[in-house]
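J.: Given these sequences and hints, build the entire structure.
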Amino acid sequence: MATHIRRPLLNPILVREARTRMRGFRPYLILTVFLLLLILSAFGIYQYMVFQARTGMVVLSSHIGQALFKGLAFTEMLFIVLVAPILTSGAISSERERLTYDMLLATPLKPGQLLAGKLIGALSYLLLLIVASIPVFSTVLIFGGIELRTLIWVVLLLGSAALFFGTIGLFCSSLFGRTTPATIASYTLVLILCGVPLLVASIWPQFSNPMGQSPPPWLLYLNPFSAIVAVTTVTPAAFQPDVPFFSVNDPFMVVPFLSQFSVGIIRYAQEGPVLMPVYRATLLGFWLGTFILLWLSSHLALPARRWRPRWSDLGFVAAVGAIALLIWMRIDWWWIVPPVDPWLMPVEPVPMPVPIDPAPVP
Amino acid sequence: MTLAIETIDLTHRYNKKLVALDRLNLRVEQGCIYGFIGPNGAGKTTTLRILAGLLSPTKGEVRLLGERLTTRAAQRLVGYMPDFFGVYDDLRVWEYLDFFARCYGLRGARLRQVVDELLDLVDLAGKRDAFVQTLSRGMQQRLCLAHALVHDPPVLLLDEPASGLDPRARVELRELLRTLRDMGKTIMLSSHILSELAEVCDAIGIIDHGRMIISGPLAEVQQQLATGARARLRIARESDVVLALALLQRHPLVSAASAAAADPRALMIDFSEPLNEEQCAAILAELVNAGVAVSEFSARSENLEELFLRLTATTGQTNS
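Chains Y and P are the protein sequences, given in the same order.
Residue 531 in my numbering sits at position 66 of the first sequence; the count goes up by one each step and never skips.
Residue 94 in my numbering sits at position 53 of the second sequence; the count goes up by one each step and never skips.
Bear in mind the hints are in silico, worked out from the structure with no lab data behind them.
Here a beta-carbon is modelled for each residue, glycine too, at the ideal position from N, C-alpha and C.
Don't take each hint at face value.
[Said to hold, decoys possible] Quick list of simulated restraints, FRET-style, between CB atoms:
| no. | chain 1 | residue 1 | chain 2 | residue 2 | range |
| --- | --- | --- | --- | --- | --- |
| 1 | P | Ser97 | Y | Arg491 | 47 to 53 Å |
| 2 | Y | Val661 | P | Gly82 | 44 to 50 Å |
| 3 | P | Ser97 | Y | Asp797 | 47 to 53 Å |
| 4 | P | Arg209 | Y | Arg771 | 53 to 59 Å |
| 5 | P | Lys100 | Y | Arg643 | 52 to 58 Å |
[Unchecked claim] Calculated from the model, a selection of chain Y residues having no Cβ within reach of chain P, i.e. all distances over 12 Å:
| no. | residue |
| --- | --- |
| 6 | Ile551 |
| 7 | Pro573 |
| 8 | Gln578 |
[Claimed, not checked] To give an idea of the chain P side of the interface with chain Y (calculated C-beta under 10 Å), a few residues:
| no. | residue |
| --- | --- |
| 9 | Gly72 |
| 10 | Cys73 |
| 11 | Gln116 |
| 12 | Arg117 |
| 13 | Leu132 |
| 14 | Arg133 |
| 15 | Phe141 |
| 16 | Leu176 |
| 17 | Gly179 |
| 18 | His192 |
| 19 | Ala260 |
| 20 | Phe338 |
T.: Structure follows, in structure tokens:
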């Protein structure tokens, strides 16, 4: 007779995910499509840069490297945003549909372990995709032009986006009983986060007063695409210690749609120009959003008394509180305040022209 | 002796309105197979889900082996097989049991030993590496039963374990349940196939509209409810049927006699009290002496299915 039950040493859901994730043809199909997409992107960008050189533009080897890196990072982000929710949107709902949820709840497995196992399982597959893309990414090394710092930021952004968009799928899966509504809801949230801000930003200049103003940076804080373009675009264009020059534009328009948006600003501080890219806010927002959604999902996954306080809530409160505190303390690091155009708010009143008296009529 | 399962005034309401269980008192002794019978919506599944720790009762108390029910106690003491159970299609048979064994914290050599023993117990060792989706319904049922045994619980709750099984699979399941009882497990199972329960259960409980109508050892329940016995009579010549019916309806021990619609020569006789063999012989002799050609005479007591129908019909009338 069972006198006591030990806690599992290794998450059983994770063990099951590891065993079954690569079964069937679907995982291999996704991997193949992903790699083909990356290879085609790399080839297309290279051809585009060659064309630019033929039309008379000065294209250096580093320019090709930067363009390739930017295009591939963007494609990879696009793929993660599209695939991560679908990998997790069936996490809880599929157990309900398969009628295995009651059997799981009758075991000592906690909803938190179930969510963690599903999320890590999905992320490990995304990690496989990222690792598999390394040979394609290594073509950038032939041309150069990428700093190690940029590479680290891109990896951090891709990882955080995978976590955040995977958690969106988990949240919807816990909220809805069936997988189809959960998937639809996940993609609706993805569209709200990624598509709507870009759409608003694209029409902002036409409707701003006065016309032609850049969209406010906060509009793109949680947008992974503006973040990836910011990481790969807002870099020192030329190294001149005395007169630093930053390029916030994309001279070759590798990602033409996005390069028009405000992906960061240059603030003129006392110590000189300071670069303020938007991806810092994106990264912090993703971390905060991930923990909040995980906390909500852990309650929604419960069969009864969902909102009764639990000890595990303390961990979530601590994590969310720590991130919120970090965000508050380092507000000057990520909060972008666009500089006011001098002609809009002049320091001194603009002298009004003296009216010319009409010449006395002789 | 401590009861395996005991509920005291167990009440459960869904959405504060629909009463699923109404002061249900249940007592199941250790080491027996207890059949839980009731029509759809009677509250069988709700009771089993509460006992498995998946549902909190609105009111009342539950004790498992004398221990007050908590989620942890239910996880430790109960093995639960739901009515509509799921299987992971993409897992192999041994992986399925391995997964649930890991959920209960088993690991290493003990984990492998438990998986092997359970596969032998449910006779699926030959299908060890097969995918679960390739198993027949009966095999999946046995596999699901094995999953409920991975942590060696003293109490097994099986919700409709025989539904959808062919006769051979039912016989196999019955044998398996007897083996588990011999191993000292207390088994509580609900079913609609009442004849199945009569063959395998030591005790039964009949529930309707969330209330226990009757509960106890099978023979005792049948004896308590015995209001009379029945006999089946077959007349060789159709011309004798009217005479036979007239004689039977005049008999003091017969409460009702009628001819079956499908077969007019087959008569069903309801007696006002159970008859012994001599009384049966006397009735038969009376018919033969009157010139009725009797080709078949068989006395039988009310079966479980008839008991169930009669009881639930009575409750329905009382409630309406």
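J.: So, for every hint listed, does it hold in this structure?
T.: Going down the list of hints, with the structure as the test:
For the hinted restraint 47 to 53 Å between P:Ser97 and Y:Arg491, the CB-CB distance of approximately 39 Å leaves it violated. For Y:Val661 and P:Gly82, the hinted distance range of 44 to 50 Å is satisfied, since their beta carbons lie about 47 Å from each other. Roughly 50 Å separates the CB atoms of P:Ser97 and Y:Asp797, a value that falls within the hinted 47 to 53 Å. Between P:Arg209 and Y:Arg771 the beta carbons are some 44 Å apart, a value that contradicts the proposed interval 53 to 59 Å.
Checked against the given bound of 52 to 58 Å, the beta carbons of P:Lys100 and Y:Arg643, roughly 33 Å apart, lie outside it. No beta-carbon of chain P comes within 12 Å of the beta-carbon of Y:Ile551; the shortest separation is about 17 Å. For Y:Pro573, the shortest C-beta to C-beta distance to chain P comes to about 5 Å, within the 12 Å cut-off, and the non-interface label is violated. Once the 12 Å rule is applied to beta carbons, Y:Gln578 is inconsistent with being away from chain P; the minimum gap is 9 Å.
Below 10 Å, beta-carbon pairs count as interface contacts, and P:Gly72 has none with chain Y, the closest being about 12 Å; its hint is therefore violated. Taken as an interface hint, P:Cys73 does not check out: its beta carbon lies about 16 Å from the nearest beta carbon of chain Y, beyond 10 Å. The interface hint given for P:Gln116 holds, since its Cβ lies 5 Å from the closest Cβ of chain Y, which is under the 10 Å cut-off. A hinted interface residue such as P:Arg117 counts as satisfied when its beta carbon comes closer than 10 Å to some beta carbon of chain Y; here the least separation is about 5 Å, so the hint holds.
Annotation: P:Leu132 was flagged as interfacial toward chain Y, and the flag holds, the nearest CB pair being 6 Å apart, inside 10 Å. Of the supplied interface hints, the one on P:Arg133 holds, with its beta-carbon coming within about 9 Å of a beta-carbon of chain Y, less than 10 Å. The interface hint given for P:Phe141 holds, since its Cβ lies 7 Å from the closest Cβ of chain Y, which is under the 10 Å cut-off. Hint on P:Leu176 is violated. Least Cβ distance to chain Y is approximately 15 Å, over the 10 Å limit.
Here the hint on P:Gly179 is broken, as its CB sits about 18 Å from the closest CB of chain Y, past 10 Å. Interface restraint check for P:His192: the shortest CB-CB distance to chain Y comes to about 5 Å, inside 10 Å, so the restraint holds. Hint status for P:Ala260: violated, given a least beta-carbon distance of 29 Å to chain Y, over 10 Å. Look at P:Phe338: its Cβ only gets to about 50 Å from chain Y, farther than 10 Å, so that hint breaks.
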